[in-house]
Amino acid sequence: MNNKMDCKQILQMLAGDYLDNELDPATRGHVDRHLVQCSACRQVSERLLSITRPLRQAPKINPPPEVWSRIRTEVSRFQGHHAGHKKTGSNNILEIFLMRPVFAAAAAAAILVIVSVAFFMNTAQKPGTMAGTVNGASAAVELNALTGNIEIRNQHAGFGSCLEQLLV
Amino acid sequence: MEYMENDISRELIVRAGQGDMKAFEDIYRLTSGFVYNVALRIARRHAEAEDITQEVFIKMHAALPQFGFRSSCKTWLYRITANTAISRCRKFSRESDLAAKYRDHLEVEAQETPAAADENEKMVGDMLAKLDDDQRTCVVLRDMEGLSYDEIAEILKIPLNTVRSRLHRARETLLEFARKEKTL
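These protein sequence lines map, in sequence, to chains A and B. Under our numbering, think of the first position of the first sequence as 1, with each following residue one higher. Under our numbering, think of the first position of the second sequence as 169, with each following residue one higher.
The shape of chain A in the complex, shown without the other chains (with noise of 0.2 Å):
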């Protein structure tokens, strides 16, 4: 190995392996031993442990307490709602209807929509039971459109009644 190579080589490992301590001890050794003799290579050596010198002696900065206390607010958030999916599923229901009356108005509009369909099907497909089905003190009405296996029953007395003026 001529000189001239061996500085290639060794300015090659000062940048990297040698500077971060990553050569075996021969290998050490030999780039120890040259940068002896070769004062270039010194030089570029000194240079480089001079440019991380100040990144490695830089001071180790803390987080301020805020961080904690937003990281701690987004867990227990996170671990409220987590907890509110594990609960019962009736449980579950009934509290997004009490807690949002939205929900409760939206899920009465659209059974009341599908009542309302099944029941104008069914008296479309039987003429003049309409009135009969009305005025009884039950209605029951078998919706089989799409699926063919949906059925809604509604026992209440003067429901008819409401379905009729909706429908007028």
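Treat the hints as calculated values from the structure; they're not laboratory data. Treat the numbers as computed from the prediction; the structure is a model and nothing was measured. Even for Gly, the Cβ is constructed at its ideal location relative to N, Cα and C. Incorrect hints may have been included.
Estimated spans, in silico, between C-beta atoms of each pair [to be verified]: (1) B/302 with A/73: 30 to 36 Å; (2) A/39 with B/231: 35 to 41 Å; (3) A/32 with B/237: 37 to 43 Å; (4) A/27 with B/231: 36 to 42 Å; (5) B/333 with A/65: 37 to 43 Å; (6) B/287 with A/72: 32 to 38 Å; (7) A/73 with B/318: 36 to 42 Å; (8) A/81 with B/300: 22 to 28 Å; (9) A/33 with B/197: 45 to 51 Å.
From the derived model, a few chain A residues whose C-beta atoms are all more than 12 Å from chain B [as the list claims (entries may be wrong)]: (10) 7; (11) 31; (12) 34; (13) 67; (14) 114; (15) 115.
The hints should help you fit chain B onto chain A, whose structure is shown.
Relative to the frame of chain A, chain B by itself:
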């Protein structure tokens, strides 16, 4: 990673994963320092370092129940931190007065005299601002966190030679910067 020292105990991780807030706070106390410092040095602004730290620990909390102990907790945290910081750097890429912003926001905890610490921080800010995101991340993990090449490769999930070449290019850039500035 067996060789990562002072790792978080398995018991603490399991308890935190089961929802024990005290255990999670203990993990935060043990690790928030390096998370914040890595975030700060990569993102270069305190406000972003705070946001990154928050994001990292919220991600960590969500993932703790599934933590498989295939790598050390510290390696895992370093990885989340570096990825989050790099991602934010790329998202909010800023070309111009980075070094000035960085200096303006630094609040140095004086271990030396304040003037010397300020001077060192100025130099650190100027140097880190000269590197691209990938080089800066490697320099922060190596020179500021003292991690080995193997650890950096595992954290960033890149080959060992990529770590080596990024650090090499970073040092060349810094040497050139020092030559022009004649400050070092």
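**Message:** Between the beta carbons of residue 81 of chain A and residue 300 of chain B, is the distance compatible with 22 to 28 Å?
**Reply:** violated (39 Å)
**Prompt:** Given a hinted range of 30 to 36 Å, is it respected by the beta-carbon distance of residue 302 of chain B and residue 73 of chain A?
**Reply:** holds (34 Å)
**Interface exclusion of residue 31 of chain A relative to chain B, criterion Cβ beyond 12 Å** = holds (15 Å)
**Request:** Take a look at whether the Cβ-Cβ distance between residue 333 of chain B and residue 65 of chain A falls inside 37 to 43 Å.
**Result:** holds (40 Å)
**Asked** Cβ-Cβ distance between residue 33 of chain A and residue 197 of chain B: within 45 to 51 Å?
**Response** holds (47 Å)
**Prompt:** Within 36 to 42 Å or not, the Cβ separation of residue 73 of chain A and residue 318 of chain B?
**Reply:** The hinted range 36 to 42 Å holds for residue 73 of chain A and residue 318 of chain B, with Cβ atoms some 38 Å apart.
**Request:** Could you tell me whether the CB distance from residue 39 of chain A to residue 231 of chain B stays inside 35 to 41 Å?
**Result:** violated (53 Å)
**Request:** With respect to the beta-carbon atoms only, verify the hint that residue 27 of chain A and residue 231 of chain B lie 36 to 42 Å apart.
**Result:** Distance hint for residue 27 of chain A, residue 231 of chain B holds at roughly 41 Å.
**Item:** 12 Å Cβ clearance of residue 115 of chain A from chain B
**Value:** holds (43 Å)
**Asked** With d taken as the least Cβ-Cβ distance between residue 114 of chain A and chain B, does d exceed 12 Å?
**Response** Non-interface label stands for residue 114 of chain A: nearest chain B Cβ at 39 Å, farther than 12 Å.
**Asked** Is it true that residue 32 of chain A and residue 237 of chain B lie within 37 to 43 Å of each other by Cβ?
**Response** holds (41 Å)
**Asked** Is residue 34 of chain A truly not at the interface, in the sense that its beta carbon sits beyond 12 Å from all beta carbons of chain B?
**Response** holds (18 Å)
The structure shown violates the earlier hints numbered 2, 8, 13.
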